[in-house]
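Protein chains: 4
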Amino acid sequence: MKPIKPRAAHQARAQETRQSLLHAAIEIFAAHGLHGGSVSRIAERAHSHDRMIYYYFGNKEGLFIAALEEIYRRYNEAEASISLDTDNPAEALATAVRFFVRYFRDHPEFVTVLNSENLHRGKHISKSLRASQYSKPAIGLVDSALSMGKQQGLVRETVTSRDVYLMISAMGYFYQSNQYTLSAFLGEKLQAPQSYQQWESFVVDAVWRTVSS
Amino acid sequence: MKPIKPRAAHQARAQETRQSLLHAAIEIFAAHGLHGGSVSRIAERAHSHDRMIYYYFGNKEGLFIAALEEIYRRYNEAEASISLDTDNPAEALATAVRFFVRYFRDHPEFVTVLNSENLHRGKHISKSLRASQYSKPAIGLVDSALSMGKQQGLVRETVTSRDVYLMISAMGYFYQSNQYTLSAFLGEKLQAPQSYQQWESFVVDAVWRTVSS
Amino acid sequence: MKPIKPRAAHQARAQETRQSLLHAAIEIFAAHGLHGGSVSRIAERAHSHDRMIYYYFGNKEGLFIAALEEIYRRYNEAEASISLDTDNPAEALATAVRFFVRYFRDHPEFVTVLNSENLHRGKHISKSLRASQYSKPAIGLVDSALSMGKQQGLVRETVTSRDVYLMISAMGYFYQSNQYTLSAFLGEKLQAPQSYQQWESFVVDAVWRTVSS
Amino acid sequence: MKPIKPRAAHQARAQETRQSLLHAAIEIFAAHGLHGGSVSRIAERAHSHDRMIYYYFGNKEGLFIAALEEIYRRYNEAEASISLDTDNPAEALATAVRFFVRYFRDHPEFVTVLNSENLHRGKHISKSLRASQYSKPAIGLVDSALSMGKQQGLVRETVTSRDVYLMISAMGYFYQSNQYTLSAFLGEKLQAPQSYQQWESFVVDAVWRTVSS
DNA sequence: CATGAATGAGCTTTCATTCAT
DNA sequence: CATGAATGAAAGCTCATTCAT
Chain E
1 MKPIKPRAAH
11 QARAQETRQS
21 LLHAAIEIFA
31 AHGLHGGSVS
41 RIAERAHSHD
51 RMIYYYFGNK
61 EGLFIAALEE
71 IYRRYNEAEA
81 SISLDTDNPA
91 EALATAVRFF
101 VRYFRDHPEF
111 VTVLNSENLH
121 RGKHISKSLR
131 ASQYSKPAIG
141 LVDSALSMGK
151 QQGLVRETVT
161 SRDVYLMISA
171 MGYFYQSNQY
181 TLSAFLGEKL
191 QAPQSYQQWE
201 SFVVDAVWRT
211 VSS
Chain S
1 MKPIKPRAAH
11 QARAQETRQS
21 LLHAAIEIFA
31 AHGLHGGSVS
41 RIAERAHSHD
51 RMIYYYFGNK
61 EGLFIAALEE
71 IYRRYNEAEA
81 SISLDTDNPA
91 EALATAVRFF
101 VRYFRDHPEF
111 VTVLNSENLH
121 RGKHISKSLR
131 ASQYSKPAIG
141 LVDSALSMGK
151 QQGLVRETVT
161 SRDVYLMISA
171 MGYFYQSNQY
181 TLSAFLGEKL
191 QAPQSYQQWE
201 SFVVDAVWRT
211 VSS
Chain U
1 MKPIKPRAAH
11 QARAQETRQS
21 LLHAAIEIFA
31 AHGLHGGSVS
41 RIAERAHSHD
51 RMIYYYFGNK
61 EGLFIAALEE
71 IYRRYNEAEA
81 SISLDTDNPA
91 EALATAVRFF
101 VRYFRDHPEF
111 VTVLNSENLH
121 RGKHISKSLR
131 ASQYSKPAIG
141 LVDSALSMGK
151 QQGLVRETVT
161 SRDVYLMISA
171 MGYFYQSNQY
181 TLSAFLGEKL
191 QAPQSYQQWE
201 SFVVDAVWRT
211 VSS
Chain H
1 MKPIKPRAAH
11 QARAQETRQS
21 LLHAAIEIFA
31 AHGLHGGSVS
41 RIAERAHSHD
51 RMIYYYFGNK
61 EGLFIAALEE
71 IYRRYNEAEA
81 SISLDTDNPA
91 EALATAVRFF
101 VRYFRDHPEF
111 VTVLNSENLH
121 RGKHISKSLR
131 ASQYSKPAIG
141 LVDSALSMGK
151 QQGLVRETVT
161 SRDVYLMISA
171 MGYFYQSNQY
181 TLSAFLGEKL
191 QAPQSYQQWE
201 SFVVDAVWRT
211 VSS
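Chains as they are written, first to last, in the working numbering: chain E, 1 to 213; chain S, 1 to 213; chain U, 1 to 213; chain H, 1 to 213.
Incorrect hints may have been included.
One copy or two, either will do: identical chains are not told apart, so a pair holds if it fits within one copy or between any two.
Derived pair list, reagent style DSS-like, types lysine-lysine, alpha-carbon separation capped at 25 Å [claimed, not checked]:
| # | residue 1 | residue 2 |
| --- | --- | --- |
| 1 | K123 | K136 |
| 2 | K189 | K150 |
| 3 | K150 | K123 |
| 4 | K189 | K127 |
| 5 | K136 | K189 |
| 6 | K136 | K150 |
| 7 | K60 | K136 |
| 8 | K60 | K127 |
| 9 | K189 | K60 |
| 10 | K123 | K189 |
| 11 | K127 | K150 |
Keep in mind the hints are simulated off the structure, nothing from the lab.
Could you put together the complete structure from these sequences and hints?
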């Protein structure tokens with residue numbers, strides 16, 4: 001018999017190392033960007049060594065691409081767990097809006113890592129094969145809510161799910177992404193519960209007013 | 001008599017050096033972020049020397065703060081040049097929307113530098129005295145359009161200019177800021193004239209539907 | 001009966017791995033020197049793994065020693081295949097000269113690996129037991145040609161085979177070894193067929209003029 | 001008056017730093033090759049810092065190129081100091097031979113650095129503008145001795161100075177360059193005074209026999 | 001016989017910054 | 001007002017090698 005257990009244990013520890021490096025990378029990249037986050041700090045946070053990053057991901061860029069794929073994977077996973085009220089289009093859309101807005105609020109690493117990627121003009125995501133496949137589900141959520149509304153005659157036929165998805169994302173993402181400059185600019189702490197609550201309601205309302213007939 | 005002219009010439013040259021360093025800094029910070037942009041590259045692009053950055057701005061942080069103030073100054077300056085149609089609220093608001101959306105599109109350095117600042121949790125803008133004074137005018141533009149609309153009974157009384165300003169900014173800013181990841185995500189080049197045009201129209205429409213009574 | 005065949009097959013595969021590592025090592029060391037050639041690149045070229053180098057050769061130094069022995073072995077093997085014209089000393093010497101000059105030209109790995117070894121002051125060859133036994137045959141070739149010539153009264157008695165061997169080696173080796181700096185220095189591509197041909201003829205002539213009475 | 005002294009002092013110290021780095025580089029590169037010699041060890045030996053190498057030479061490659069130029073410069077300088085006996089061609093040629101053979105013996109750094117360069121296929125020397133101009137003088141020495149001999153009818157007309165220069169260089173260079181492998185191969189310490197003396201005499205003799213009519 | 005995982009030292013290079021004039 | 005020289009820390013990455021199965 002082959003020594004199946006030892007090897008399995010070996011691989012398990014290896015996966016653990018890889019995963020902890022990846023998680024640490026997401027945290028560090030989220031906090032300091034691609035340039036600001038150093039491989040040694042990532043390795044340190046993962047209780048591993050610089051060398052392992054090169055072992056598992058080739059180089060820093062490979063690690064960043066993996067981090068990018070992972071945050072997209074989580075985003076999709078979270079979105080897949082949402083179930084919409086199939087009878088009430090307005091409520092379904094509101095649910096979708098709340099999901100997106102809250103996701104951006106509760107996952108600042110998603111926001112900052114994407115900003116880093118956009119600073120680099122999407123150079124890494126274009127190298128990723130997996131990342132592209134993550135797009136459809138997200139739009140799908142909005143699409144199903146809109147389709148429902150169109151069937152019931154509550155949503156205008158000319159509205160496209162692409163525009164509405166962008167609208168929702170924009171309003172949720174920007175509020176989180178630019179919270180610091182906006183807070184200074186508006187003289188108001190945007191992350192205060194009251195401020196946030198007002199904004200969420202406003203977005204739900206704005207989206208429905210925009211799409212409804 | 002004092003040699004007043006020579007000193008003036010001296011100061012003029014000094015201002016010139018300072019300005020070219022500042023402009024170069026904005027370009028470099030916009031392209032590579034705060035960490036990615038090195039002082040030597042900035043000095044090189046300005047056809048000056050590293051040392052001059054310390055001479056005029058103290059350190060890299062001081063230069064970044066100055067850059068931040070400068071892009072806000074330009075933003076305000078541009079906004080001040082807009083005049084709204086005082087009779088037609090819908091058109092006035094549309095004009096404001098187009099101004100913002102286009103400003104973000106045409107000034108990517110504004111977007112990327114602000115993203116950098118937000119990555120650093122607004123650490124620099126809070127140290128700037130000038131930056132805070134730049135907030136009011138921008139909102140003022142939206143505010144005047146909304147006030148006009150409210151007077152004419154075309155805009156709902158409960159709508160706040162803060163929310164509408166955020167809505168417009170979000171939709172214009174996000175489209176530019178996240179263009180690379182969105183393009184990969186949606187499988188569509190967002191900066192293509194057609195795509196952009198559709199988006200601009202959609203934003204104008206969405207804003208009006210949101211605020212109108 | 002013992003499973004003799006399987007073991008033989010096993011050993012054959014092992015020898016194969018060892019050999020491919022050794023050949024890869026010679027290529028890499030020849031191209032980049034001892035320091036420039038890394039064990040991982042050698043293993044990669046041999047379609048094997050770093051670990052195998054340690055398995056078969058102990059460490060990088062052991063591999064280099066083995067490579068050194070191997071190129072000497074080949075050198076000797078090639079020399080053993082030469083048969084000289086026993087009647088004509090001049091022609092015999094010319095044949096020997098051509099063999100050496102061409103060997104260095106056609107086996108640049110011999111030249112560069114030896115240079116590497118000399119850079120390290122012969123540290124490895126002194127550890128090799130086999131290498132020392134490879135010396136006699138090479139000189140023997142020159143020696144037999146000279147002896148023949150002396151018997152026939154065509155070669156001066158005071159000439160030693162050691163000096164002539166060095167002379168031939170020097171002229172053949174240096175031309176190959178220093179081809180790049182010489183080409184730059186002389187403004188002439190030494191490896192061009194014409195240049196090379198002229199040189200070979202010159203060496204044949206020079207050697208005979210030097211030894212003949 | 002301008003502060004000419006301070007600046008001069010400044011520049012003097014700077015030149016000193018640059019020179020000590022260059023000299024250290026030649027020693028280290030000579031001892032360990034391009035790859036084997038690390039910038040930190042070079043800086044250390046020069047009582048300076050790594051950073052200064054990049055300040056003065058751009059990168060390691062630039063330093064190596066400068067080192068290459070320097071050893072060629074010295075080689076030329078030494079050659080320029082030789083004066084040949086204008087009446088006696090045989091003695092003039094012997095003087096030239098002795099100069100070259102002894103130069104290679106006494107300047108092993110010239111030999112090993114050139115070997116390093118040839119290992120890298122002349123990639124650096126081709127980037128150097130100065131190096132190419134150093135070629136003519138060296139050949140000139142041989143050329144003048146041969147011309148003299150031809151005028152006096154002592155040297156064959158068909159002999160070219162290129163071939164003779166190569167012959168002399170080869171025999172002097174190879175003896176030094178390959179001393180360690182040759183010593184192991186021949187079972188004789190080549191750098192022992194007796195061995196060396198015999199070789200020098202042999203080369204002087206061989207060259208004259210080769211060129212004389 | 002073979003291999004995936006891990007290690008620590010070292011590499012070349014770039015960084016923001018200060019010194020001395 | 002300006003500059004060349006110098007600095008130390010840290011960056012990303014590769015190295016030869018060993019461990020545990």
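Exercise. Kindly indicate which numbered hints from before are broken by the structure, ordering the numbers from low to high.
Key: Numbers 2, 3, 7, 9 and 11 - these are the hints that the structure violates, sorted from lowest upward.
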